[in-house]
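Engineer: Take a look at the letters that make up each chain.
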Amino acid sequence: MSTAPEVVPVTRLIDQPLVRAYAAAAHDPNPLHTDEAYAATTPFGRPVAHGMLVLALVAEAMTATFGETWARGGTLSVRWRSPAMPPCTVTARAVLKSEAGGVATYDVTCEDETGALLLTGTASAPLPA
Amino acid sequence: MTKPDFHLLRRGDALRPYSVRVTADEVRAYLAATGAGIGPWRANVPPLALEALLLAGLMDEVPLPDGAVHVAQEVESVAAVAHGEPVEARLTIAQQSVRQGTNVVVFASEVWSGDRIVMRGRSTVMAPMPALAEGAS
Chain R
1 MSTAPEVVPV TRLIDQPLVR AYAAAAHDPN PLHTDEAYAA TTPFGRPVAH
51 GMLVLALVAE AMTATFGETW ARGGTLSVRW RSPAMPPCTV TARAVLKSEA
101 GGVATYDVTC EDETGALLLT GTASAPLPA
Chain W
1001 MTKPDFHLLR RGDALRPYSV RVTADEVRAY LAATGAGIGP WRANVPPLAL
1051 EALLLAGLMD EVPLPDGAVH VAQEVESVAA VAHGEPVEAR LTIAQQSVRQ
1101 GTNVVVFASE VWSGDRIVMR GRSTVMAPMP ALAEGAS
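If you read the protein sequences in the order shown, they are chains R and W. According to the working numbering, the residues represented by the first sequence are 1 to 129, in order. According to the working numbering, the residues represented by the second sequence are 1001 to 1137, in order.
Next up, chain W with everything else stripped away, as it sits in the complex:
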């Protein structure tokens, strides 16, 4: 299946939903990699760990072009997600614009566990527009 081109995304587009399941080992690895202790996360996934792995899933779905930079992030953690609990990410393009040769795309996400939303987010990614092909009109 062809993956969407970042530069062809437009406001209102919906990405193919994808699933994420964050295991206890992944939580431990995330906390160790951020320098944090296990704290209260013995059973549940830290919200930002979930968001980080959702972003990894997003990069699988929409390969980011060279020079892409993650410039802003919003996260609303509605409910705790347990280690190993499967969730589904549903993303749409909330905004898209080109400013001074830079394409700015805002991905709005809803994360569902069964029939309840457990997290919402907005991720803003900027990437330079590809150079126009020579001879293009």
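Chain R on its own, in the form it takes in the complex:
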């Protein structure tokens, strides 16, 4: 019988003000995220959200479930599949994949409101003793 908790999805509007705030907080000066004129010269054509900002929603969902334990044995392994174009509403989900050795492993995804897959991977965390 599984003892791994369900992870509640996190949904958030990622808009340009949030992206600018993230660029400042993460000390990431890449103009691809914040400069419309620069972004227009790239294959994306417009600013894209930081991948790490999208991934932060997964970490938030795992933190809500596992609390500070997430900082003591939590893992993430993800690949970004497509860019998040602000404004967009992103939902992070974690679905239990396996439970072994006192560790719960989840398949994680982030999708935008159109269903476009932004990120896939796995997250794991130690289960309470």
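FYI, nobody ran anything at the bench for these hints, they're computed from the structure. All C-beta atoms, glycine included, are put in the ideal place defined by N, C-alpha and C. A few of these clues could be false.
Which bits of chain W does chain R cover? Going by a derived footprint, with three or more residues having C-beta under 8 Å, they are [as the list claims (entries may be wrong)]: (1) 1011-1021; (2) 1035-1048; (3) 1088-1101; (4) 1104-1111.
Just a few of them, taken from the derived set where beta-carbon distance is under 10 Å, the chain W residues facing chain R [stated by the list, open to error]: (5) M1001; (6) E1051; (7) A1052; (8) G1067; (9) R1122; (10) T1124.
Please arrange chain W on chain R, whose structure you already have, making use of the hints.
Structural biologist: Relative to the frame of chain R, chain W by itself:
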């Protein structure tokens, strides 16, 4: 000191270690910028906030070329890091390859607090190879 050229990095290369200290103000700013609440992070640094600021340090050490894209990330948080606790990032190049004109570099990181590892990570960055200079052979 000359900074390494992203396109000249090769597997096994070690970057110069650098220090990071994430303050309580930086944690609050990070959480606000991701839209999350303070949650359980009143004393410790969220692992992904630490990773984000390590990446900022990496970009200081190795300026990324135009068109660089962060395509994959692994993080293993071994132990909690307190607000203001100094840690040292030690990075090596775990993989490097060129595929269809794109240079793919995997940075492997270990983050140390004193004599203990608190985090491990792998960051995969892709960037288009610079065009060959005219007349180059």
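Engineer: Regarding the hint that E1051 of chain W lies at the interface with chain R, is the smallest CB-CB distance below 10 Å?
Structural biologist: Holds: closest Cβ of chain R sits about 7 Å from E1051 of chain W, inside 10 Å.
Engineer: At least three residues with a C-beta closer than 8 Å to a C-beta of chain R: is that true for the region 1104-1111 of chain W?
Structural biologist: Contact hint for the region 1104-1111 of chain W vs chain R: violated, 0 residues under 8 Å.
Engineer: Can we keep the A1052 of chain W interface hint, with Cβ of chain R closer than 10 Å?
Structural biologist: Status holds, d = 4 Å.
Engineer: State whether the coverage of the region 1011-1021 of chain W by chain R holds or is violated, taking the criterion as 3 or more residues with Cβ-Cβ distances under 8 Å.
Structural biologist: Coverage by chain R is violated here, the residue count being 0 at a Cβ distance below 8 Å.
Engineer: Mind checking the CB of G1067 of chain W against every CB in chain R and telling me if the closest is under 10 Å?
Structural biologist: holds, 7 Å
Engineer: Would the stated hint for M1001 of chain W survive a check requiring a Cβ distance to chain R of less than 10 Å?
Structural biologist: For M1001 of chain W, the interface hint is violated, since the closest Cβ of chain R sits about 20 Å away, which is over 10 Å.
Engineer: Taking the closest Cβ pair, is T1124 of chain W under 10 Å from chain R?
Structural biologist: holds, 8 Å
Engineer: Can you confirm whether chain R covers the region 1088-1101 of chain W, using C-beta to C-beta distances below 8 Å and requiring at least three such residues?
Structural biologist: Result for this restraint: violated, n = 0.
Engineer: Under the criterion of a CB-CB separation shorter than 10 Å, is R1122 of chain W in contact with chain R as hinted?
Structural biologist: holds, 8 Å
Engineer: Do at least three Cβ atoms from the region 1035-1048 of chain W come closer than 8 Å to Cβ atoms of chain R?
Structural biologist: Answer holds; 10 residues pass the 8 Å Cβ test.
When held up to the earlier numbered hints, the structure conflicts with 1, 3, 4, 5 and fits the remainder.
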